[in-house]
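Visitor: Residue numbers (mature numbering (1 follows the signal peptide of the UniProt record, and there is no 0)): -28 to -1, 1 to 309.
None of these hints come from the bench; they were simulated from the model. Mixed in with the good hints there might be a few duds.
Claimed, not checked - Here are the simulated SDA-like cross-link-like pairs (lysine to any residue), alpha carbons at most 20 Å apart as the crow flies:
no.: 1; residue 1: Lys117; residue 2: Ala136
no.: 2; residue 1: Lys117; residue 2: Asn139
no.: 3; residue 1: Lys191; residue 2: Pro162
no.: 4; residue 1: Lys149; residue 2: Phe134
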Amino acid sequence: MPSSRSWRIVFPALFAVALAAFCKPVDGFSLAVAPRLGVTPGLECAARRGAYRRFEGGRGVAMSSGFKEKWQTMAKTWSNRGGLVLTQHRSNIWAAERPFLWNNIDVGCKMTLVKLSDGSLWVHSPVELDADMRSAISDIGGEVKYIVSPNYEHMKFAKQWFEAFPNAAACGCPGIKEKYPDVGYQTEVPASDGSMPQGWPAEIEAIFFDCEKNPFTGKPFFNEVNFVHTASRTLITTDTFWNYPKREVPFGTRAWKFGMDQVYGPFYRSFMANSEVLDKVLSKLLSKDFTSILPAHGSSVGGSDDEELSTFDDQGQVFGGDAKEVLRNHFANGPTA
């Protein structure tokens, strides 16, 4: 849920402004993470009962019809119109699309599941662990070995997963153990000295966005860590990059995005981000080897020349283009701090 009650007071007023204008569907990405910044206000991940799973059937991705029918079990939403527990993004990496509610506005959310080279599973930004999700994990196979909350907001279901998989490493972003002492986090990624935990999989690289400070509290607001799955060359983001699809999304969702772009984004860039540190983080991020982006909010991005990239489905779920160029444009086309 929102990390500060003040947002519950401020944002209804912002929405009054946003709702006064009709916002056409936006083609692309941005949200409050406008150009050189990348964050959005606190949100509550409210996964609804049931789940989805789908393999896209694109180049290098296949799925039996029996599995597709088995995992197509939940009411469809705008962000997951196929009604599936998991959507395969590339080889050994899946996304679990769920509703993500803020003041009853669904802005969409996804969990990322990676099957590591040793056969174990790495879970990013967990959604509700219901019976369908348990079944899908069982079908994929492998021990759940890492459960990661990548920032202060995407942690609602972390404790549920920690309790269900007590042998898994309970990981979170820097500062999360102090912020949520009762959840059960064991390890912060990266550690205060920048090191990774002992035994951390080499195929998962971390990029810490240590560039923000709330002007009212003096503390970070999101403290997000991005990850790169090197085997699939995929960048995994949470609130540093959003990507709403071309297709129609609910009016309230578009109005919310308008408010974040026009009000919250400029505030964050002017008062909450250290631009010098941010530039260094972005340079490090862009030096990594990735050709696709899997954001927690919105459609995936991937280079159209990549042989493992899923093809476009009829809902435009995969957004083509050069992933790094998309990020460069995203962080460069607006006012700086």
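Visitor: It remains to establish, for every hint, whether it holds in the given structure.
Guide: Structure-based check of all given hints:
no.: 1; hint: Lys117 <-> Ala136; in the structure: holds, 12 Å
no.: 2; hint: Lys117 <-> Asn139; in the structure: holds, 7 Å
no.: 3; hint: Lys191 <-> Pro162; in the structure: holds, 18 Å
no.: 4; hint: Lys149 <-> Phe134; in the structure: holds, 14 Å
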